[in-house]
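Residue numbers (the working numbering), protein chains in the order written: chain B, 1060 to 1316; chain Y, 1060 to 1316; chain P, 1060 to 1316; chain G, 1060 to 1316; chain U, 1060 to 1316.
One should not assume that every hint holds.
Which copy is meant is left open, because identical chains are indistinguishable; a pair holds if it fits in one copy or across any two.
Below, computed lysine-lysine pairings styled on DSBU-like, alpha-carbon distance capped at 35 Å [said to hold, decoys possible]:
#, residue 1, residue 2
1, Lys1137, Lys1125
2, Lys1227, Lys1118
3, Lys1227, Lys1298
4, Lys1128, Lys1118
5, Lys1227, Lys1281
6, Lys1114, Lys1298
7, Lys1114, Lys1136
8, Lys1227, Lys1125
9, Lys1137, Lys1281
10, Lys1114, Lys1227
11, Lys1136, Lys1227
12, Lys1118, Lys1281
13, Lys1227, Lys1128
14, Lys1137, Lys1227
15, Lys1128, Lys1114
For the record, the hints were derived by calculation from the structure and aren't laboratory data.
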Amino acid sequence: MDFGTIAGIVIGTFCVVGVGMSWQIGPFIDVPSIGIVFGGCLANLLLALAMDTVKSMPKSLPVTFKASKDDPVEIIKKLVEFSEVARRDGILALENVLEQIPDPFLRQGLQLAVDGTDPELIQDIMETEMDNIEARHGDAKSAWDMFRSGGPTWGALGTVIGLIQMLKGGVEDPNALTAGMAVALITTFYGSLIASLMVGPFCDKMAVKNGEEMSVKTIMLKGVMSIQAGDNPRIVEQKLKIFLAPTQRGFGKDSEG
Amino acid sequence: MDFGTIAGIVIGTFCVVGVGMSWQIGPFIDVPSIGIVFGGCLANLLLALAMDTVKSMPKSLPVTFKASKDDPVEIIKKLVEFSEVARRDGILALENVLEQIPDPFLRQGLQLAVDGTDPELIQDIMETEMDNIEARHGDAKSAWDMFRSGGPTWGALGTVIGLIQMLKGGVEDPNALTAGMAVALITTFYGSLIASLMVGPFCDKMAVKNGEEMSVKTIMLKGVMSIQAGDNPRIVEQKLKIFLAPTQRGFGKDSEG
Amino acid sequence: MDFGTIAGIVIGTFCVVGVGMSWQIGPFIDVPSIGIVFGGCLANLLLALAMDTVKSMPKSLPVTFKASKDDPVEIIKKLVEFSEVARRDGILALENVLEQIPDPFLRQGLQLAVDGTDPELIQDIMETEMDNIEARHGDAKSAWDMFRSGGPTWGALGTVIGLIQMLKGGVEDPNALTAGMAVALITTFYGSLIASLMVGPFCDKMAVKNGEEMSVKTIMLKGVMSIQAGDNPRIVEQKLKIFLAPTQRGFGKDSEG
Amino acid sequence: MDFGTIAGIVIGTFCVVGVGMSWQIGPFIDVPSIGIVFGGCLANLLLALAMDTVKSMPKSLPVTFKASKDDPVEIIKKLVEFSEVARRDGILALENVLEQIPDPFLRQGLQLAVDGTDPELIQDIMETEMDNIEARHGDAKSAWDMFRSGGPTWGALGTVIGLIQMLKGGVEDPNALTAGMAVALITTFYGSLIASLMVGPFCDKMAVKNGEEMSVKTIMLKGVMSIQAGDNPRIVEQKLKIFLAPTQRGFGKDSEG
Amino acid sequence: MDFGTIAGIVIGTFCVVGVGMSWQIGPFIDVPSIGIVFGGCLANLLLALAMDTVKSMPKSLPVTFKASKDDPVEIIKKLVEFSEVARRDGILALENVLEQIPDPFLRQGLQLAVDGTDPELIQDIMETEMDNIEARHGDAKSAWDMFRSGGPTWGALGTVIGLIQMLKGGVEDPNALTAGMAVALITTFYGSLIASLMVGPFCDKMAVKNGEEMSVKTIMLKGVMSIQAGDNPRIVEQKLKIFLAPTQRGFGKDSEG
């Protein structure tokens, strides 16, 4: 569970509903306004994107709630362990540990190394896989980004529609006039909420999660290549620790030595 | 038929007309406002672009409604089939299948290979053709993009004109004042509608369709080059499957093996 | 005569004056407002740019009204003709046709080839000349772009000045108040008109015309280099036709063959 | 102590509180408005960024208050001194001065040189360290940048909420109406203050401080490489002075000679 | 004296004060508003930039008023003359003319050539000097750019403060209300003036002047390198004329020949 995402939702919702609206949500609920802003954004997505891209959107949302699944420190420890096995008993000995590896990307890479695949081909296959993953993440994020920017646009459109209706109605009753204006502004409020809280920050988090996943996958790729090359476990460790922040580096043979 | 385009138009129109206007279109129809916004955008296009670019605009609109004509999986299957024929009976045997190929780009490429053209020249001719297609798509899209951004600009200009007329008229009748303001805002509404629904998303869809066409053409180019080089059909299949998403790869010799 | 430019001006002016103002120009003419917006833009240009750049502005305006002077198809036909003369009678035979060439860029290039200048030097001289032409076009366009963006800026400044004057005057006469506001908005109207119709689209057209001239000059450069190298006229034609759209390519030896 | 930061805070606060508000802060303090703008920004940061990035924000603020710790002129003098020792007594003689060097980056670099490490490896290690430092600075700055841009966004959201509440309340008491509008505007004021004074300029200062630290570190790197190569102290001085402004160069052997 | 700068200031001031304000400056002078906008911009600069950068700002303003000091045509004539001396009497003969050269950059370059310095080192030293000059110009310009963009930001902040104060005051006296609004708008006016007339165009002029100085310095560098290489004066002239506009090239041996 990504604590930041949960905390952000709770704090943001409290700020808007508790602090801003003093828990009186009534004046801010208007069904046609919800319809025009969210329906308009949906229309935008369907019109502008390929169906597959729109369909991939829900799949990329849960990742923003999950804690980063792979700890780079643990991955490096695992890879150093594997390199010790490979040095001691030969690379074929890794066959036995393959099944215990939960990550399919690392498992496939090590399988290729055990199979004696040409190192350049291993690198090629793993990098192509990473490119594919990144392209799919990018597609989904660009769709969410279109939702994020569509919100304020449709919010403004709804407000213009509301203002025209209100002004056409005449000015006999000033209370009706201000009430009409309040309703017209609700679509602007929804659009602003989409950009600031409901969609916008999730788009940024997707980019963060993608970055984390890619840097773990880069460590895996470098580790597999290093094991395949028959590097000394200490060298493997040194090569991989470069990808860690200095504060995370205090473990392993390297720091004991 | 591109289902997303149709669904987007239906949903978007329903949101604006049904939800936003409650089916009362009357107050939102104003002929001079239509004239100034759409006429202004047309003037912009004629003034700013070459005549040929303006004339190419209608031709690029239908593509946003058509389903993507080429399924990359089918294309790959076809290309693998051709490579089998070429391996078995020689590349000249492809002469017989050329006429059944509907796509002129692929047909021309294979014709060149059958004619024994130098591989570098084949690649050059096919890439130049792709560049030309992409340049024409880009020209048309940039013209539509100018329409998209001209809408809000001319909408704002029309509103300023309306406000000046209204304010000059004096404030004796407050109802006339608000009605004048409503009319002034209608051009802003049209401009906003052009950007959010009537033109904007179609520009994005053109880019998506261009991307799809180019990636299919890239597969065709790689396939022709691979057939020309006399590659083993399994290698042809492997080389081309890289361009598919992992979920689409489950077919052919490669996965049976 | 560039038909698009004329049509754009006529339609745009009709939309603003006929449709928007219903032919009542009176309320939109305000001499001080004209002074502040156009004078302010002039002040900006003088302050921000080199004098030579400001002086070059009027020279670059007529090009937006002229039809593109060189038809690439005609240029290619001419160049193929020249290459035939050069193949048949030797490159010195081109001396006789030089005087009939209206374009100084092409004439100078062929003169260099006739003089037996080193091909690399010919290319260098012609490319430097193209760079110089493009730099001058770019300078003039950037000055017009500053006019385009200065319009709305000074329009807003004028409106702020007008609002302050109006508000300081007090609210005794509401009619005076709205009339003052109308006048204040006129500078916004002028600024918007500069960006949307009077200057903006001309900036875009300058870029289009520059692009057309440069692509014709590129054809001339490639043609001179090909003639100098003694290429077969059919090869010259093939090399140059790459620069045409496919629909324009249906002429000459190449398509007859 | 960075005098500019202190002076900027004092002058900016005086301009806002003393000049703008005439020392009457009362009307500008509204607890719910503070809650929505600052709470909303916090929610944004938690939702959009990795927890580690959010946690690194406070650590990067003090740097904007501290005077630049390293004077490049002093660093160069020190490095020239070290090169003299190395030339006279051999590079191992630097072992004795290592402990007096306060900067860990320079100390580690010289230690590597004294240990006889391969020059390419020294450069690699020092550059990786610089990349790591810069990446951490960049992470922290991008988080502060999100705070900077979140301010006006949440300020606008708060104002829309306030306007809706005010307009729903009706217009019976015009004083209540304007008072409600004043409160609604306070979130816009806070957002604007975040961007212009409270957060924005600190983001720029962080970039300046990072630039200064990196250019000092570059001098250290070049100095260590030059000492390692056994360069003549005068050459070391010449190589490093290139990184100084001309007015700072008037010292040392080079200018005496 | 740069005529454009003077003319721009005169015309711009006349447009604002004469045309816009009808010479009635009174309503536009408000001391607290001046304080908040200009003080706020100063606070921004001090907070965001290094002290040295802020201090360098006044030094870069006079350059926008001065006529470009070096005429490239004159510089080229001088360099051709020097190359004649060097060809006729040897490069050492240039020692005598060095003192008459007013420009320190050119003098230093020729001194290096006379001293028999290695050509690569001459080029390196002169280019480093040019980089340093350009970096200092860039620093100063970026500080002025921050002033330019800070103006409208602080103008808007001042207006929000003014509006809140005005609205809190209640609506008993409508004249007081509009007068308060006028004062609130004055900071927007100052901010707009900073961007459009008082600071903005000077930033652009600084870039123009930097461009002119750098292109003259490039001619000097190429000339020194050509003289050092012992080029024929006619070649020197040809090499340098490339940097002139075609209309400026009608002088010297080259056009006489």
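Taking the hints in turn, this is what the structure says about them:
For the homomeric pair Lys1137 and Lys1125, the shortest alpha-carbon distance inside one copy (22 Å) is at most 35 Å, but the shortest distance between copies (42 Å) is not. Taking the closest pair of Cα atoms, Lys1227 and Lys1118 never come within 35 Å of each other, the shortest separation being 45 Å inside a single copy and 39 Å across copies. Taking the shortest alpha-carbon separations for Lys1227 and Lys1298, neither the intra-copy value of 71 Å nor the inter-copy value of 64 Å comes in at or below 35 Å. In this homomeric assembly, Lys1128 and Lys1118 come within 35 Å of each other (Cα to Cα) both inside a single copy, at 16 Å, and across copies, at 27 Å.
Taking CA atoms no more than 35 Å apart as the test, Lys1227 paired with Lys1281 passes in neither setting, with 67 Å inside one copy and 62 Å between copies. In this assembly of identical chains, Lys1114 and Lys1298 lie within 35 Å of each other by CA distance solely across copies; the values are 27 Å between and 40 Å within a copy. Taking the closest pair of Cα atoms, Lys1114 and Lys1136 come within 35 Å of each other only across two copies (26 Å); inside a single copy the shortest separation is 38 Å, beyond that limit. Taking CA atoms no more than 35 Å apart as the test, Lys1227 paired with Lys1125 passes in neither setting, with 50 Å inside one copy and 40 Å between copies.
When the C-alpha separation of Lys1137 and Lys1281 is checked against a cutoff of 35 Å, the pair qualifies only within one copy, where the shortest distance is 13 Å, while the shortest distance between copies is 37 Å. In this assembly of identical chains, the alpha carbons of Lys1114 and Lys1227 never lie at most 35 Å apart, being 41 Å within a copy and 39 Å across copies at closest. Taking identical chains as interchangeable, the C-alpha atoms of Lys1136 and Lys1227 are never at most 35 Å apart, the minima being 71 Å within one chain and 61 Å between chains. When the C-alpha separation of Lys1118 and Lys1281 is checked against a cutoff of 35 Å, the pair qualifies both within a copy, at 29 Å, and between copies, at 32 Å.
When the C-alpha separation of Lys1227 and Lys1128 is checked against a cutoff of 35 Å, the pair qualifies neither within a copy, at 57 Å, nor between copies, at 48 Å. Taking the closest pair of Cα atoms, Lys1137 and Lys1227 never come within 35 Å of each other, the shortest separation being 71 Å inside a single copy and 62 Å across copies. Taking identical chains as interchangeable, the C-alpha atoms of Lys1128 and Lys1114 lie at most 35 Å apart whether they share a chain (24 Å) or sit on different chains (20 Å).
Checked against the numbered hints above, the structure violates hints 2, 3, 5, 8, 10, 11, 13, 14; every other hint is satisfied.
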